[in-house]
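**Student:** Sequence:
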Amino acid sequence: MGWIVFAVIAGGLIFLLIGIYNRLVALRQNVNQGVADIDAQLRQRHDLIPNLVNIVKGYASHEQETLEQVITARNQAAQGAMNSGDEQTLRVALDKLLALGEAYPDLKANTNFQELQRELGDVEDKLAAARRALNAAVSRFNTARESFPAIMFAAMLGFSEADFHRLDESEQGTVDQVPQIDFAKG
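Take the sequence shown: its letters are residues 110 to 295, numbered as in the numbering used here.
Take the hints with a grain of salt, since some may be wrong.
Quick list of simulated restraints, FRET-style, between CB atoms [what the hints assert, rightly or not]:
1. D204 / F262: 43 to 53 Å
2. L266 / Q173: 49 to 59 Å
3. Q223 / S269: 38 to 48 Å
4. T220 / S248: 41 to 51 Å
5. Y213 / A238: 24 to 34 Å
6. Q185 / N131: 38 to 48 Å
FYI, nobody ran anything at the bench for these hints, they're computed from the structure.
Here a beta-carbon is modelled for each residue, glycine too, at the ideal position from N, C-alpha and C.
My request is simple: use the sequences and hints to build the entire structure.
**Tutor:** This is the structure in structure tokens:
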């Protein structure tokens with residue numbers, strides 16, 4: 110009789126652990142997907158920048174400093190790990206570049222410039238949505254990890270808390286490099 114009770118308790122505990130593990134794996138995958146979605150949007154943003162710089166260069170070639178700031182910020186943001194500071198610097202440089210459209214009416218009227226501005230706006234909207242989705246996924250994962258009875262087993266099963274702001278090295282995406290722009294070429 111004692112063995113039967115022990116077997117039922119052990120079996121129940123095993124099924125509980127399997128259920129907790131599977132739920133946490135699924136939620137962790139949602140977090141990883143959120144990171145990948147942000148990485149994809151950042152890659153798309155970085156890929157648009159050289160085209161935008163080339164168009165502006167044709168209309169505002171004497172704005173060399175602004176153009177170089179954008180390329181430098183883009184290259185810094187595109188290297189290695191996602192870094193909110195690098196992305197913020199890039200955002201400021203892009204804002205300066207886009208503001209040149211106001212100073213140069215011919216540039217502002219250029220259909221390619223308008224299209225790239227629209228695409229960049231779309232990417233920014235998608236990036237904001239991806240960040241919200243990541244935050245929601247992190248929240249769900251952390252809540253499930255810290256809920257009873259998962260909290261008793263999560264660390265033992267290898268589940269650490271997901272962070273809203275910093276990304277683990279294994280979760281960081283990389284951004285493919287786009288060919289360098291040479292300002293000396295006409």
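**Student:** State for each hint whether it applies.
**Tutor:** Tested hints:
no., hint, in the structure
1, D204 / F262: 43 to 53 Å, "48 Å, holds"
2, L266 / Q173: 49 to 59 Å, "56 Å, holds"
3, Q223 / S269: 38 to 48 Å, "46 Å, holds"
4, T220 / S248: 41 to 51 Å, "42 Å, holds"
5, Y213 / A238: 24 to 34 Å, "32 Å, holds"
6, Q185 / N131: 38 to 48 Å, "40 Å, holds"
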